[in-house]
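Q: For the protein sequence lines, the chains are C and L, in the order given.
Following numbering that gives the first Met the number 0, the residues of the first sequence are numbered contiguously, the last one being 238.
Following numbering that gives the first Met the number 0, the residues of the second sequence are numbered contiguously, the last one being 387.
Please note that a few of the clues may not be correct.
Said to hold, decoys possible - Here are some chain C residues pointing at chain L (derived, C-beta under 8 Å):
hint, residue
1, Gly17
2, Asn52
3, Val90
4, Leu112
5, Arg177
6, Ala179
Since the hints were made in silico from the structure, they are not lab data.
Glycine included, each C-beta is placed from N, C-alpha and C at the ideal position.
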Amino acid sequence: MAETIIELKRVTRSYRRGSETVSALQDFDLQVPVGAFRAIMGPSGSGKSTLLNLVGGLDRPDAGNVVVDGAELTGMSPAQLSRFRADRIGVIFQAFNLISVLTALQNVELPLLLHSLGRARRREQALRALKLVGMDDRIHHRPAQLSGGQEQRVAVARAFATDPKVILADEPTGELDRHAADSILDLLVLLNQEFGKTILMVTHDPRAAERAGAVIHLDKGQVDRIVPREPVSEQPAGR
Amino acid sequence: MPWHLIGQNLRAHKLRTLLTIGSLAVAVFLVCFLRTVVLGLEAGVVGSASNRLIVQSAVSLFVDLPLGYQSKIEGVPGVARVCKQQWFGGYFQDPSNFFAQFAVDGDRLLETFPEMQIVQGSEEAFRASPTQCLIGTGLAAKYGWKLGSRIPIIGTYFTRSDGKPWEFTVAALYESKSANVDNSTLWFHFKYLYESLVSKAAEGPLGVGVYVIRLAGGSDPVKVAGAVDALFDSGPLRVQTTSEAEFQRQFVTMMGSVQTFLGSIGGGVLFAIMLAVLNTMLLSFRQRFHEIGVLKALGFSDAVTFGMLLFESLGICACGGLLGVTASLASASYFARSMSTILPTFAITGATTAMGLGLAISIGVVAGLFPAWQAMRLECIDALRAEV
Ligand SMILES: Nc1ncnc2c1ncn2[C@@H]1O[C@H](COP(=O)(O)OP(=O)(O)O)[C@@H](O)[C@H]1O
Ligand SMILES: [Mg+2]
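For reference, chain L alone in the conformation it holds in the complex (with noise of 0.2 Å):
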């Protein structure tokens, strides 16, 4: 194989050569981002707890529990503890700085939570007064905030009479172990919002929006699960009682069209690169028409002129491939950062890069395999014979 040869008109065409690999390098960026940030979406299932179980509405999970609930949840034989957890929604100065707050039993949320790990201040602290907070690690970095700082949080939900915003100060910073609870959610004591609302400081729904239960060791889940739906049977309000990756799992069905969508995104880019990569190729082929002619009249085989044309679609993909896959890990910190808040887990896995590779060499393949089979077709005085 001339590989010489190869590499030559690869260069003899810098522009062309380049151009096509930064498309490549672009669509394999694209693809594994896209591919990571829906893998993000589904890390809250893959590191679901197994003794955990979450008890919501039958009817949605929008529709609150009742405060009375939980007792009665508690008293179910194989329950270890249970935690109320109400979704806050609300944000921090503007509605585009996203990220989680959640109201809960602020004496029972790290023995229900036991891969939050506190890395700074202390669970006393948090548990001294009902306007502390605790906050993850990462939501610390991204707006500075160390303990004792006060988060001034405008509800969307629950507003205060006032007018004035949530404020919450920070207690302790912790650390996620899994995947399944990120290091970028703000956690609040119910106990704080129930008094305002109570008190008519504040305004919104009064009551729970799940309860996490812990299980006790050695219960079965399932049979806890039906107990737990048993009780609320005849009402007044039916809940469902789910393992916490049957839970997460909600939530990325919710964005199930998300996935799609973002799936095909990449299929229409990479496709359309295909046809880009095509199209080089068939420039190539056609340029090199006379070329080959010669090629075969000093006795290369048709089967050389076949490996040279996809060699050359192969090495730009593979060049666009390695280019796209080394950018995507270089850019993977930066971006992991900035979205800490709406998708936690933003991490580059092996087997993405080896799609991305192994894509852009499909790419390669499949672009290069019309114009390497053309090539081998040529008839060497027909090509000669045509003028150049």
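For reference, chain C alone in the conformation it holds in the complex (with noise of 0.2 Å):
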């Protein structure tokens, strides 16, 4: 068995809306060993991009704890956060969320900013990055000159590029076509499978979920069931 990576003990999250409470994660567990590739699927408002936003630190729980990668969430200041963001995830948004006026290679570049690298580096660590993700020929290009799935595989890229040990994609594909979507699932199973990254997916679509290791699914803030990929699909059967 694998080393956990990823793990959440009995955490609750809930949010205030006007007058009434709502929860969105409650006393909730979950483990994810390294080099794991994690879908999660669930009705709308099930936490599943709660759940996310609390292992990229990005929210904090009301109670319980988050360890990522050794590192304890709960007691964390912003600014540690924030550190804690640079080194050690990558995120990847339905939206792609690229910063319209830079560049593909400016954008990718932008989380290397975080870390102390040379010019010559940065821009080395960048271009490799966007040459895995199919883009080096479109280094120059703004965002608005791009196709959806080329920003996402920018977005891919800039996920990347810092080398976090765990990559957060929330519903990644959820404004792709078919074949756009294929290409950035393949893209993710290749930076689990070669790179070893911990991935956690959220995703309607089964045919994305499908591409990870085991799918964890979420209702009404907790894990309702997590199901592994049938052997049968992982490892075709040669003829």
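Both chains are given apart, each in its own frame, so use the hints to dock them into the complex.
A: Next comes the structure, spelled out in structure tokens:
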């Protein structure tokens, strides 16, 4: 059994909406081993995004503990959480969220600014990530000049460029057509299998979920069940 | 600090950035200009000579002194020389062509005001005939007057009975070495004025506005002033003797409301521009709402997002400030020339440019602080949830 990289212990998170309190996660427990690729599914409002936000240190639990890569996030200061994100987390959003005024290359270089690299090293690392996602021929394009699939590939490069241990993707294919979605999923599988990244990917698409090693089903702020991928599809039987 | 992102954001909204920079430049230019005007008004006080005293009526500057006072004042120990000085108040062709003209004792003028140096023509030529005059180089340059030029001056207090303008011939040009005497004055012989009045060739008050005392070396100005005042204590017209600086200050005080007025214009403009920059920055923050959330998700700290907005504001304001200061320096000689007669000292000092830049930067800080604070406090998840 591989070592655990993400652990949530009795985590509760609720939000105030006007006078009522909405519970997003309740008494939530989860362990994710190093190098796992987990899809997260569940109805809208079941707490999927909240889970990713807590793991990424973008949000704090009301109660319980979140431990990522040995770091206890609960007691960290905002500055420490920022540092933690910069060092260990890569994020991919449904809406790509590239910075519109920056080129593809500058977007990928952006998180690298938080690492003390020289200019040349920064460029080199960004270019390598862009090459990996097959966008090295459009490095000077701005987001508006790219298709959705291309934008998302740049976003994958941005998440990967800093060499984080964990990549969090919230519906990364939600706005893409089948073809573009497949190429993003291929990249995530590549990052997982070739580079050993631990990946949590929220998705509504069963075909996307199939690419993960296991699917965590959430319901009403709790883990409903965890379904490992059928060995058949994992290792296609050679004929 | 992602400097290029700050730069790109400014470039992405080129028009807005340029307009804001432009309005700041105009404000800074105006403030530098106004301050220079105010400093120009005060220049006479700053440059005043300490070895001169001015005798004026104790009632008011606008009350003339009797002619006979001159010799009495000259008898006071410590007084080296006394020179009459009468404000003539005429104009050349049109009232808008205003410059100062004084009727003085032609043979005493230059020893009383040694800071005036003849650069063309000679003192002898000036003294040669009562209708000769001495003009500043600034005045000569402005109207193209040369040695021998005849200058017609239309009198206001002193009018000629024949209805014609007064006429003076340029005998010499002077240049002043000190700010209290400007280069835009026409000096002519009191004798000419006096004789015209006495012979009824002209009409106007027969008196002297002020007597300028040149002190003897080593004499105590306070004592001399006291002695002169005491001389006329019992009338017929009491006098008030002051240092030249004190005398000049009267005019500045008279202008006091002008300074306050100019100051409040400057302040008001700056305040308005500050609000404009603040508005720009708030707009920028609102447009950047989502982007700030993304930056935070990538690991940029609250401090960096704070700095980004602040530096953006500072960048705009520093550019505007530099532009405004540069414009004011570039146009200084033009204004110095065109206003030479009403404001002989118009020089943009280092302190003024520093103040212009300082104010621009202060506006940058003040206008950037609130948006920067909002950016700092922005919760990443709230920003990201707000769909664009
Ligand atoms: N910042 C927030 N403020 C108020 N309510 C929130 C906030 N974030 C999440 N919620 C609520 O918490 C619940 C879980 O949200 P979320 O984790 O986004 O669900 P999912 O991603 O599974 O659709 C929902 O009811 C949602 O409305
Ligand atoms: Mg969600």
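Q: All hints are to be evaluated individually against the structure, with a verdict given for each.
A: Now the hints, each set against the structure:
1. Gly17: 16 Å, violated
2. Asn52: OK, holds: C/Asn52 within 8 Å of chain L, min 5 Å.
3. Val90: 5 Å, holds
4. Leu112: 5 Å, holds
5. Arg177: With Cβ-Cβ at 24 Å, over 8 Å, it is violated.
6. Ala179: 20 Å, violated
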